[in-house]
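Number of protein chains: 2
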Amino acid sequence: EIVAAAERLLAARDPAARPLAGMKMLVTSGPTHEPIDPVRYIANRSSGKQGHAIARAAAAAGAAVTLISGPVTLADPPCVTVVHVESARDMLAAVEAALPVDVAVFAAAVADWRVASAGAQKIKKGAAGTPQLDLVENPDILATVARRTSGRPPLVVGFAAETEHVVDNARKKLARKGCDWIVANDVSAESGVMGGDRNTVHVVTRDGVDSWPIQSKEEVAQALVARMAATLKDRG
Amino acid sequence: EIVAAAERLLAARDPAARPLAGMKMLVTSGPTHEPIDPVRYIANRSSGKQGHAIARAAAAAGAAVTLISGPVTLADPPCVTVVHVESARDMLAAVEAALPVDVAVFAAAVADWRVASAGAQKIKKGAAGTPQLDLVENPDILATVARRTSGRPPLVVGFAAETEHVVDNARKKLARKGCDWIVANDVSAESGVMGGDRNTVHVVTRDGVDSWPIQSKEEVAQALVARMAATLKDRG
Chain G
1 EIVAAAERLL
11 AARDPAARPL
21 AGMKMLVTSG
31 PTHEPIDPVR
41 YIANRSSGKQ
51 GHAIARAAAA
61 AGAAVTLISG
71 PVTLADPPCV
81 TVVHVESARD
91 MLAAVEAALP
101 VDVAVFAAAV
111 ADWRVASAGA
121 QKIKKGAAGT
131 PQLDLVENPD
141 ILATVARRTS
151 GRPPLVVGFA
161 AETEHVVDNA
171 RKKLARKGCD
181 WIVANDVSAE
191 SGVMGGDRNT
201 VHVVTRDGVD
211 SWPIQSKEEV
221 AQALVARMAA
231 TLKDRG
Chain W
1 EIVAAAERLL
11 AARDPAARPL
21 AGMKMLVTSG
31 PTHEPIDPVR
41 YIANRSSGKQ
51 GHAIARAAAA
61 AGAAVTLISG
71 PVTLADPPCV
81 TVVHVESARD
91 MLAAVEAALP
101 VDVAVFAAAV
111 ADWRVASAGA
121 QKIKKGAAGT
131 PQLDLVENPD
141 ILATVARRTS
151 GRPPLVVGFA
161 AETEHVVDNA
171 RKKLARKGCD
181 WIVANDVSAE
191 SGVMGGDRNT
201 VHVVTRDGVD
211 SWPIQSKEEV
221 AQALVARMAA
231 TLKDRG
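These protein sequence lines map, in sequence, to chains G and W.
Just so you know, we're using the numbering used here here: the first sequence kicks off at 1 and counts up by one.
Just so you know, we're using the numbering used here here: the second sequence kicks off at 1 and counts up by one.
Incorrect hints may appear among the rest.
No copy is singled out in the list; a pair is fine if it fits within one copy or between any two copies.
Computed list of lysine-lysine pairs in DSBU-like fashion (alpha-carbon distance at most 30 Å, straight line) [said to hold, decoys possible]:
(1) Lys24 x Lys172
(2) Lys173 x Lys233
(3) Lys173 x Lys125
(4) Lys233 x Lys172
(5) Lys173 x Lys124
(6) Lys172 x Lys125
(7) Lys173 x Lys122
(8) Lys124 x Lys172
(9) Lys233 x Lys24
(10) Lys122 x Lys172
Since the hints were made in silico from the structure, they are not lab data.
If we strip away everything but chain G, and leave its shape as in the complex, we get (with noise of 0.2 Å):
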């Protein structure tokens, strides 16, 4: 902690270690859970480990930071707002309410489906047979922000779990929500990403794909803010 206050103080005397100075950025982070009644839910695995890493280094390099996080059992990073919220309809609006910014980078595991009426009550079991669950889908948070035809930022990243085909996955991705990056990874069980600390991701954009190697979520972190001042000075 006293290491990592001393790096900000002397990260903020160097304007070159501060190159989000002045910029505001949202991330979201974590899983979403849908209620199914009050004491069922539908979840994604997601540990918010990634999200969490890249509102961090995002606030050491100078961007004012909101991080809306979905439930997860990480600390607040320091100097940053953290909206929590529980589902994705909550998830979008936290988002919309922190617009306008300069980067939003959608690393959460929004659900994308929901109960359509979620009981108040406790489902009995037994009462009617084997319960049915319709699902409908929820709001596409990253595609509502990419598509904006005003405020939209300059600036959109998404992000893609695959357990296959995964910088196909993405490219298609990519297209079909209108954002500008795609990070994508395969959270396939034998990757270990899930829940662990290190990943490989593929950064997929109009112009191509850049394969990292496998670093750790911090790393990962640090690589995708530094492309992200590269890419807003290249177009300030």
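Starting from the known structure of chain G, fit chain W onto it as the hints suggest.
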């Protein structure tokens, strides 16, 4: 930690403070996670705090405790054998492996249902419209153990998390499952029990109902362990 260790040492000298010495106990705790596909799952809200507190209190009272825990963020309690599981089926297998015991306490919030055929690959959005989750009933761990014809533990304790008609539902559950006690609590959002540190429980047996005042989960655990010791002594 030092205080706790000293308390354990003192307790070891005083047989009255170790009323479960020589007894074997199993405790289940936490939620279960039932996979939908490699990245999604259905879960119950359960912090595991009450079950873990019971395991800790029983070990302090001299019992040899096996704690079978679903995914929680709590540390393993000291002086307890901990088995980590994910799904209801894994939990049942671990429970059966821990038998025979003198007392079995089922404090876990086991998912009543699982998805009939969990996908081996991530289900893609949009590919085939909104997916429908066909659920099948999970094994009923409490009833399976309480209704054993051979090797049934002398004392089988179930839990009931209810959002309405707490005691009535607990009485019905006691009869339906064939267990000796149901520890029932109100987990409606207003109660603050879920994830919180305090609990208001009703101990329902064939002889009646004891409704205890609101206490910390540690106090509830100690009171339950004292009552278990008294019951086993009466029977022995």
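Here's how the hints hold up against the structure:
1. Within a single copy, Lys24 and Lys172 get their C-alpha atoms as close as 28 Å, which meets the 30 Å cut-off; across copies the closest is 57 Å, which misses it.
2. For a Cα distance limit of 30 Å, the shortest separation of Lys173 from Lys233 inside one copy, 26 Å, qualifies, whereas the shortest one across copies, 65 Å, does not.
3. Taking the shortest alpha-carbon separations for Lys173 and Lys125, only the inter-copy value of 11 Å comes in at or below 30 Å, while the best intra-copy value is 39 Å.
4. For the homomeric pair Lys233 and Lys172, the shortest alpha-carbon distance inside one copy (27 Å) is at most 30 Å, but the shortest distance between copies (67 Å) is not.
5. Taking the closest pair of Cα atoms, Lys173 and Lys124 come within 30 Å of each other only across two copies (11 Å); inside a single copy the shortest separation is 39 Å, beyond that limit.
6. Only between protomers do Lys172 and Lys125 lie at most 30 Å apart by alpha-carbon distance; the minimum there is 12 Å, versus 41 Å within a single protomer.
7. In the homo-oligomer, the alpha carbons of Lys173 and Lys122 lie at most 30 Å apart only across protomers (14 Å), although the nearest pairing inside one protomer, at 37 Å, exceeds that limit.
8. When the C-alpha separation of Lys124 and Lys172 is checked against a cutoff of 30 Å, the pair qualifies only between copies, where the shortest distance is 12 Å, while the shortest distance within a copy is 42 Å.
9. Taking CA atoms no more than 30 Å apart as the test, Lys233 paired with Lys24 passes inside one copy only; the shortest distance there is 14 Å, against 66 Å between copies.
10. Only between protomers do Lys122 and Lys172 lie at most 30 Å apart by alpha-carbon distance; the minimum there is 15 Å, versus 40 Å within a single protomer.
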